[in-house]
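Asker: Next come the chains, spelled out residue by residue.
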Amino acid sequence: MSGTGIWMLAAVGALLVATGLPAWMVLIGVALVFSIGGIALGVVSLSLLTAIPARLIGLLESDLLQALPLYVLMGALLNHLPLAKTLYRVGGRALASTGAGGPLAGLGLGVLLAPMNGSVGASVATLSRVVQPRLDAEGVPGERGAALVCVASTLGVVVPPSLVLILLGDAMMRAHTEALNITRASVRIINTQDVFVGALAPAGVLLALVTAMTWWLARRGARSVAARSADSPGWREWIVAVITASFIVALLGGVTLGYLYAVEAAAAGGVALFVFGLASRTLTLAVLREVLRDTMAITGALFALLVAATVFTLVLRAFGTDRWIAAVLSGLGWGEYPTLLVILAVLALCALVLDAFEMIFVVVPVVMPPLLTLVNNVTWVAVLTLLVLQASFLVPPFGYAVLMVRNSIKRPLSMRGLTRALLPYLVAQLCVLALVLAEPALVWQRNPIELSPGGAAKSEEEGREMLERQLDEQLDQNQPEGVETKPSDATPKQ
Amino acid sequence: MLERALAIVDRLIALAVGAATLLVLPVSLLLFLQWPLREIFQAYSREANDLAQLLFALYVSCAITYATRKHAHLAADVLAHRYRATTRAGLARAGALAVLVPWAAFMLYASWPIVAQSVRQLEAFPETYNPGYFLVKLALFALALLVLLQALVDVTRKPPAEPR
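Chains as they are written, first to last, in the working numbering: chain A, 21 to 514; chain B, 51 to 214.
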């Protein structure tokens, strides 16, 4: 019965695609059916399922998850206030001399907004609305503009400290803790900050490549682009754009480098944008209503998924599937590298139809703990996961971002043309992925996660004590400078 | 009679979750104020954190139902966008009836002992002893209750007319 969880995953995949029902409903439905079957067969105990409320209360009191609606609020304010348009117009003008002002500004806007947007889908919606019409007006071919929107929308997956990175950091920490419960190795547990710092260099290389690619592609069609971009912003717009961009970069940089809590930075960003909206009289009651509506709808969608994934993974573990997968993987005797490649391939396949959050909440908790029992370099695995996710979102015809862009742009796009436009970006991403696979040192490690001199713990009791000690140490390490007491935003409460 | 009762429930849910959209503003403000309270005034930062946690829990408890009402939940639309509107509505109603109603009912049943005990004791925050922690647990009950009521409303809602 241990392999039942695989059938659960297969059922989720099939029902998601076949019914088009919300992912959280499908996850809970599958968990419900299988748990009833498990109880009937005496494999799953009802008392285990009554533990679900306690786990869900853990979500409601999580310090880390408080950042989620705040980031979404910041993204919604940026979307609804004229700031996104201002940033794009000023960026396009500032970069006009490159001959690729519009496309590069669109990419830059993606880099600034994507970390704060609720999901790849939300980023696609924003950039389709702000960037695509202007690229059209500037004479950029539709498929190339759509490809740019696709790429810019997925940058939030790798650019720290995006919501995706925050949540993946949390998921990896849980997966690592579970893996250590199995191996009882004496290793420091990964935290969100490790993933932020680890992703910096690969994200930088990817951004440089994507920027160069965008510039090169735009230069090839430069005549039409340069001729039509005569939209000149006023000095007020320049000031607003410079202040906004500097503020966002400072906030995101502060969180990435560990000077600010993700929660406090997001709250500060939200308050600052709110005050700006009031001061500039652009935050009218109607706009505020839309901002609040979008924030709650996206937050609700993400939390529903989190709740459903918590229920689903609990049932899956009740069948013992996590340990079964771990046993199968180690029994194959392939070694860490081939096993890692197989897991990354599985993630890539799943990412063709699932959003980043669905991947993090559902797939990562299932496949990562077994993998991390074999692979020691957890930060490397986390960064590879991010890169694979991002690349998979861009693979036509079913890549998630591709599907979303085709839905949000209300005119027919040639799939062949879109594929051709995406190809250079995909090649760039595969190059970065291959580079990180071949050279794990590219992933920076603040404090390398390695075996301590003590080696493996001797007993389960020792293992538990060791993990508790490490969590306490991590709590101290995660404090921004000068802070003495505050529960870490990277420490699980469950 | 039943239809009328469900319409009232629908309006009450709309009112509750609509009002809750505002909660993100005080959550944001309180979490922002934490920093100056901690670093400059060196007082009340934990109180601000705890209050924000309460409001956050209440916000989330309403947000899931709000997302349902706004059709904002993430879904894989690879095949389903080709289905007729009535087919999709039928699937959604079947899902609500077969999945959300029993799950939410089970959550209400399973969380009741924890929530009731916490409310009876007016449980305080375990780390700071500030009052009000029972509201976090109550928020879980509210979450399940709202999901249950919304699912019942959705199940009984008339299907959309097929466009000609």
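Among the clues, some could well be false.
Claimed, not checked - With a straight-line cut-off of 20 Å between C-alpha atoms, the simulated SDA-like cross-links for lysine to any residue are:
| hint | chain 1 | residue 1 | chain 2 | residue 2 |
| --- | --- | --- | --- | --- |
| 1 | B | Lys120 | A | Ala365 |
| 2 | B | Lys120 | A | Glu310 |
| 3 | B | Lys120 | A | Ser428 |
Unchecked claim - Examples of chain A residues lying across from chain B (beta carbon under 10 Å, computed):
| hint | residue |
| --- | --- |
| 4 | Val53 |
| 5 | Leu85 |
| 6 | Leu423 |
| 7 | Met424 |
| 8 | Pro432 |
| 9 | Leu433 |
Keep in mind that the hints were calculated from the coordinates and are not lab data.
We put the CB at the ideal spot given by N, CA and C, even for glycine.
Asker: Under 10 Å, Cβ to Cβ, is where A/Pro432 needs to be relative to chain B, so tell me if that hint holds or is violated.
Answerer: Because about 15 Å separates A/Pro432 from the closest Cβ in chain B, which is outside the 10 Å limit, the hint is violated.
Asker: Hint validation: A/Met424 versus chain B, beta carbon distance must be below 10 Å. Holds or violated?
Answerer: Nearest chain B Cβ about 9 Å off; hint holds.
Asker: Measure nothing beyond the straight line between the CA atoms of B/Lys120 and A/Glu310; if it is 20 Å or shorter, mark the hint as holding.
Answerer: 12 Å, holds
Asker: Report holds or violated for the interface hint on A/Val53, using the least CB-CB distance to chain B and a cut-off of 10 Å.
Answerer: Because about 9 Å separates A/Val53 from the closest Cβ in chain B, which is inside the 10 Å limit, the hint holds.
Asker: Have a go at the A/Leu85 hint: is there a Cβ in chain B nearer than 10 Å to its own Cβ?
Answerer: At 8 Å from the nearest chain B Cβ, A/Leu85 passes the 10 Å test, so the hint holds.
Asker: Double-check A/Leu423 for me: the hint is only fine if its C-beta lies closer than 10 Å to a C-beta in chain B.
Answerer: A/Leu423 check passes; min Cβ-Cβ to chain B is 7 Å, inside 10 Å.
Asker: For the hint on A/Leu433, does the least C-beta distance to chain B fall short of 10 Å?
Answerer: 15 Å, violated
Asker: Does the alpha-carbon distance linking B/Lys120 and A/Ser428 stay inside the 20 Å limit?
Answerer: 17 Å, holds
Asker: Is B/Lys120 close enough to A/Ala365, meaning Cα to Cα at most 20 Å?
Answerer: Roughly 34 Å separates the two Cα atoms, so the pair is violated.
Consistency note: the structure conflicts with the earlier hints numbered 1, 8, 9.
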